[in-house]
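Numbering (our numbering), first residue to last: -11 to 298.
Note that these hints are calculated values from the structure, not bench results.
Where hints are given, some of them may not hold.
[To be verified] Straight-line C-alpha distance at most 20 Å; calculated SDA-like pairs for lysine to any residue:
| id | residue 1 | residue 2 |
| --- | --- | --- |
| 1 | K113 | W170 |
| 2 | K113 | R140 |
| 3 | K113 | D167 |
| 4 | K113 | F272 |
| 5 | K180 | G267 |
| 6 | K180 | D223 |
| 7 | K113 | S169 |
| 8 | K180 | D234 |
| 9 | K180 | F200 |
| 10 | K180 | F272 |
| 11 | K180 | H73 |
| 12 | K180 | L269 |
| 13 | K180 | Q161 |
| 14 | K113 | E101 |
| 15 | K113 | H73 |
| 16 | K180 | G191 |
| 17 | K180 | A104 |
| 18 | K113 | V137 |
| 19 | K180 | P226 |
| 20 | K113 | W42 |
| 21 | K180 | R29 |
| 22 | K113 | V151 |
| 23 | K180 | D167 |
| 24 | K180 | S169 |
| 25 | K180 | V137 |
| 26 | K180 | S12 |
| 27 | K180 | T238 |
| 28 | K180 | K113 |
| 29 | K180 | R140 |
| 30 | K113 | D59 |
| 31 | K113 | F200 |
Being a predicted model, the structure only gives us computed values, none of them experimental.
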Amino acid sequence: MALIEPSDEQRHTPDEQVELWNESYYLDWFTDDLSLGGYVRIGLYPNLDRVWYWACLVGEGRPLVTVIDHDVSMPTSGQSLELRHDGLWADHTVETPNEHMSANLEAFGLVLEDPADVYRSSEPKGDRVPFGFELDWETDRGGYMWPPVTPRYEIPCRVSGLVMVGDERIEVQGWGQRDHSWGAARDWWSNKWVWTAGRLGDGTRFHGVGGFFDDADWGVGYRLDPESTEFAESDEVPVEYAEGRDRLPTSTRIAHTGLDLQVTPLAFSPVGLFHPHSGALARFPRALARFENSDGRSGGGWIEWNQPPE
């Protein structure tokens, strides 16, 4: 496994010939009891001069609070991750490469009782509420550089800080994952996949992505055992899942590196991806989820399913 270099944490030079060349920073979190979770994604599209920004707060028994803005201007400097748009300020800083990243937000979140409303329109309707956070992701033992199919790394983390929604202030002490990818056009409207990352109760960290092909189980997976700094790897990641209403998945099975995980979505924060030219809708459900391994161990994390137009 290649090492993550400090320079990998920085932004990268785009290929100007690829319109949808994309660089993505992603960070998620969840509490031990899985009562709350959230994620942030900064999707840089320099050839469109735009950033796709997503952030959310989810929890069982509470409505989704989400920020989905696909019209944010690019940062003003080449290495900045500070974003400004109408009613939105967000900043993201690699405090110490490979060890610590912070994310901050001041915005207005859309409150949705039905998360699938994001699929009805590129501008879903609902009440808006002040929403923000001050969160820190600190590396849990080490980071995982993907094999050389695409430049990407994943880092399991401890997460702490504060989330504000309306008059509510929520202290966060939990777990999460962050990742960074660059160098390719991400075709949401043609390619499918299932991505997962989480932590079992004994401290085992895991990440797996698969479901790219109907006739092959190729994927990328890691397992980081408790107290270990060595990643077990796999390039076979079989995936099975069932869909419910609005194509929101109801259950998923994903296996790799000796793990056989049954995944139960607890709270959804999906995104509707409308093609910039054709308007075609790719559905991108994401969920805070419970993970149960075949040996009885269980834990939590996040799962996503990219669903191109049928």
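If you draw a straight line from the CA of K180 to the CA of D234, is it 20 Å or shorter?
Distance ~17 Å between K180 and D234 Cα, so the pair holds.
For the pair we were handed, K180 and R29, check the Cα-Cα distance against 20 Å.
holds, 19 Å
Taken at face value, is the distance from the CA of G191 to the CA of K180 at most 20 Å?
Violated, at about 30 Å.
20 Å Cα cutoff - pair K180, P226:
holds, 14 Å
Has the given pair, K180 with S12, been kept, meaning a C-alpha gap of at most 20 Å?
Satisfied, since the Cα-Cα distance of roughly 17 Å is no more than 20 Å.
Run the distance test for K180 versus D223: straight-line Cα separation, threshold 20 Å.
Distance of about 17 Å is within 20 Å: holds.
Holds or violated: K180 to L269, with C-alpha atoms at most 20 Å apart
holds, 13 Å
Hinted pair K113 and D59, Cα distance within 20 Å:
Since the Cα atoms of K113 and D59 sit roughly 17 Å apart, the hinted pair holds (cutoff 20 Å).
For a C-alpha distance cap of 20 Å, please report whether K113 and R140 respect it.
violated, 35 Å
Quick one, are K180 and S169 close enough, alpha carbons at most 20 Å?
Holds: K180 and S169 sit about 17 Å apart, inside 20 Å.
Hinted pair, alpha-carbon criterion (20 Å max): K113, D167. Please report holds or violated.
Given that 20 Å is the threshold and the Cα spacing comes to 30 Å, the pair is violated.
Against the 20 Å threshold, does the CA-CA distance of K180 and Q161 hold or violate the hint?
violated, 33 Å
Hints 1, 2, 3, 7, 11, 13, 16, 18, 22, 28, 31, counting from the list given before, are not met by this structure.
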